[in-house]
Amino acid sequence: MLPESRSKTMASQAMKIAALVSVGQHPLSRRERRADQDARAVELALSLSPELPSLIHVGSARNESLRAYLGMGLNNLKVLNADQDVDAVPALASYLGEQALDIVLTGVRAECGEGSGLLPYAVADQLGWPIVPRIVSVVSIAGGYAEVWQALPRGQRRALRVPLPFVASVDPAAEPARQSAFGPAQRGSIDSRPCAAEPDQARANWQQHPAKPRPKRLAVAKGGTAAERMKAATAKPQGQGGQVITEGTDREKAEAILARLVAEGVVR
Amino acid sequence: MSLRIRRNPRLERIRRNRLHPEYESLMAARVSAIGPTGLRRINPHQTGFVMVQGRKRLNRLNPDGVGFAGAGQPGRVQAKEKPLHRVADPLGYVAAVLDLPGGRLSSHDRDVLGLAQQLAQAKDEPHAVLAIALGDVRETDLGGAGADRVIQLNQLHNEPLTGYCPELKRAILNATEQHYQPAFWLFPDSIDGGADLGSRWAVQLGERAAVQAWQVSKETTVCRGGSQLTDWHRPTPRVLLLAPECGAPVEELRHEALPLELTLPEPVSVTIEDLGPVSVDPSQIALSEAEFILAAGNGVRNWDQFHQVATVLGATEGASRVAVDDGYMPRHRQVGASGTWVSAWVYLAVGISGAIQHLQGIGQCETVIAINLDAGCDMVRRADLTVIADSEAVFAELLNLMNERQTGIAPQGVTVHEGEARHVA
Ligand SMILES: Cc1cc2nc3c(=O)[nH]c(=O)nc-3n(C[C@H](O)[C@H](O)[C@H](O)COP(=O)(O)OP(=O)(O)OC[C@H]3O[C@@H](n4cnc5c(N)ncnc54)[C@H](O)[C@@H]3O)c2cc1C
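Which chain is which? The protein sequence lines are A and B, in order.
Going by our numbering, the residue at position 173 of the first sequence is 173; the numbering climbs one at a time, nothing skipped.
Going by our numbering, the residue at position 396 of the second sequence is 664; the numbering climbs one at a time, nothing skipped.
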């Protein structure tokens, strides 16, 4: 939705942007892949600054699916080496705090594991930065402030102004990520460094199961006589049939439609 | 006259017992009437007897038996007021922070309030459900949805709580926490603001919130993990972000919805500033997300005019499969079973007959308006407002009307309608 030209004009200023990336999972085959929302965050980061954004991952540097991010045209990915079950937040916060960044972008929810979407909030809280959830684009950056657009339901957008530096999560409605190219993905380097991450104590005694299908809620007819309840349960739901306008000139009919559209608030 | 059903248990007992000495005499009092043509007539209002719940029962053994004297008016069902549930002196609270999109309770809000009631009742000491409604509240029946107590604010130190203001809202939650220490904090995990505010609040409390929680009891919670592929079973935390349909909404009882006192927090400095909504080009919005769709079918001939109307009304374009197959519209604009399932607020269907494959796709639309030549087609049955007219002629008039609105020469008719509409809304 962001005019292409506008994001390009901002490219004059060099911004220090980091994108936090995770390992995703294909929803059907469950194969590891780049996470879709994280890839959109990388895409947004690439459009914001002429300087390449830095990519940060907490986990294992040996994971090959991380290379898909490098295939988007980046040279380097930083991995904070840690086990599967560590709490990534303190490690990330202390690393990001040292880096003098302007913007940190993340996805809304991870595709594997707990996927709670709390990580951006926790990281922002530890850094003491503001967090803007579900942005689709950064419209302008000037005077230490950024204007961002946030996704709302039904395709609507809201403009917000935040001071730099800030953390933002990128909505699935943002520009889709570019394809990952194989050659650059193999050439890019993955730097790993150790980090002092603690095991996640809170999650230690949780159990993980494959998702159980949730029961669908049935509409239960209550009250009335037995015959009415029986009818409500078995009858084909008939649209009560709204108002039908047959008579009148075309103009009157058009007026009736327009009045309804105005009453519903879709025509202003 | 009272609508209470007056019963005579003694006569009822006799009537049920054919061996009772008085049975014959009681039944003999009613002879079936013989109509003028010689046919036996039964007065349906006098057959059977009325059970305790007010339901009518027929006695098959005595089909022409009449009701008891003074048995009341069977079949007259009173619109009963639901019983009121009171929590006189709550020892604790379960807080539910509501989204209230557009100022009204969403179904997600009702589910959250329903679950809050379940949790409050599972507690050993009496707990009250505290609904926190921030911003413009147009809902009048919070009690009917399950709120025992309400904190309702639309501004904080002259800062309105409409738009995006999570920091102000968090300050209010903070004040609530200090005064009332709710046992649980429940939020709808929704894009309407609940997920954002709940995450902020969980981080501030230092609590590991349960996100996308869909099965919650006092002790354990089941949450959906990433990509909806895993379930996490865990102890129930204090802060819960609840999935839709996490609990059954309150239906049988009314609740008091008493306002609670809250000492307002100190003014907070706001870092994120809301610059207001952005006007979005409707033709760019994905069909599944669109709020207002103008859809064309086989009954549209003038496609230039159709695109013009969509632009003028500010609608997202949609199409039936026939219009797409004929090449007038791109495939990603097709609505229906083999196209996109839409959830528009208003769906204006022009020249679409309403085949089942198409109606499936618009099942979630709130208001459907149809323009069609055929008053008997299925779309007319689905629509809330139908205009039987030629699509091209109505389009031409719509263009004229919109033109007049924009240039300011509004004719009488439209202004009157508008006034009424606003009055209603
Ligand atoms: C497997 C399968 C999947 C399908 N999936 C889809 C799907 O996803 N989406 C979909 O839409 N269809 C789908 N269909 C097709 C569907 O069954 C219907 O054929 C199609 O929806 C009919 O489109 P229509 O209403 O535009 O055309 P028609 O049925 O031809 O209806 C045209 C309507 O326009 C009215 N009309 C004619 N002239 C005018 C005029 N001048 N002014 C006003 N009104 C006028 C007529 O009275 C009529 O009601 C599917 C079919 C199959 C078999």
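Be aware that a few hints might be false.
Subject to a maximum C-alpha distance of 25 Å in a straight line, what follows is the list of computed PhoX-like cross-link-like pairs (lysine-lysine) [as the list claims (entries may be wrong)]: (1) A:Lys222 <-> B:Lys486; (2) B:Lys324 <-> A:Lys212; (3) A:Lys216 <-> B:Lys324; (4) A:Lys78 <-> B:Lys350; (5) A:Lys78 <-> A:Lys16; (6) A:Lys231 <-> A:Lys212; (7) B:Lys486 <-> A:Lys231.
Residues from chain B that face chain A, not an exhaustive set, calculated with beta carbons under 7 Å [what the hints assert, rightly or not]: (8) Arg278; (9) Gly360; (10) Asn426; (11) His501; (12) Pro545; (13) Thr635; (14) Asp652; (15) Leu653; (16) Thr654; (17) Ile656; (18) Glu665.
Read the hints as simulated data drawn from the structure, not as lab findings.
From a predicted model like this one, the values you see are computed outputs, not experimental measurements.
C-beta: ideal position from N, C-alpha, C; glycine also.
For each hint, the structure was consulted:
{"no.": "1", "hint": "A:Lys222 <-> B:Lys486", "verdict": "violated, 28 Å"}
{"no.": "2", "hint": "B:Lys324 <-> A:Lys212", "verdict": "violated, 44 Å"}
{"no.": "3", "hint": "A:Lys216 <-> B:Lys324", "verdict": "violated, 34 Å"}
{"no.": "4", "hint": "A:Lys78 <-> B:Lys350", "verdict": "violated, 62 Å"}
{"no.": "5", "hint": "A:Lys78 <-> A:Lys16", "verdict": "holds, 15 Å"}
{"no.": "6", "hint": "A:Lys231 <-> A:Lys212", "verdict": "violated, 32 Å"}
{"no.": "7", "hint": "B:Lys486 <-> A:Lys231", "verdict": "violated, 38 Å"}
{"no.": "8", "hint": "Arg278", "verdict": "violated, 27 Å"}
{"no.": "9", "hint": "Gly360", "verdict": "violated, 24 Å"}
{"no.": "10", "hint": "Asn426", "verdict": "violated, 20 Å"}
{"no.": "11", "hint": "His501", "verdict": "holds, 4 Å"}
{"no.": "12", "hint": "Pro545", "verdict": "holds, 5 Å"}
{"no.": "13", "hint": "Thr635", "verdict": "holds, 6 Å"}
{"no.": "14", "hint": "Asp652", "verdict": "holds, 4 Å"}
{"no.": "15", "hint": "Leu653", "verdict": "holds, 5 Å"}
{"no.": "16", "hint": "Thr654", "verdict": "holds, 5 Å"}
{"no.": "17", "hint": "Ile656", "verdict": "holds, 5 Å"}
{"no.": "18", "hint": "Glu665", "verdict": "holds, 4 Å"}
Violation of the numbered hints given earlier is confined to hints 1, 2, 3, 4, 6, 7, 8, 9, 10; the remaining hints are satisfied by the structure.
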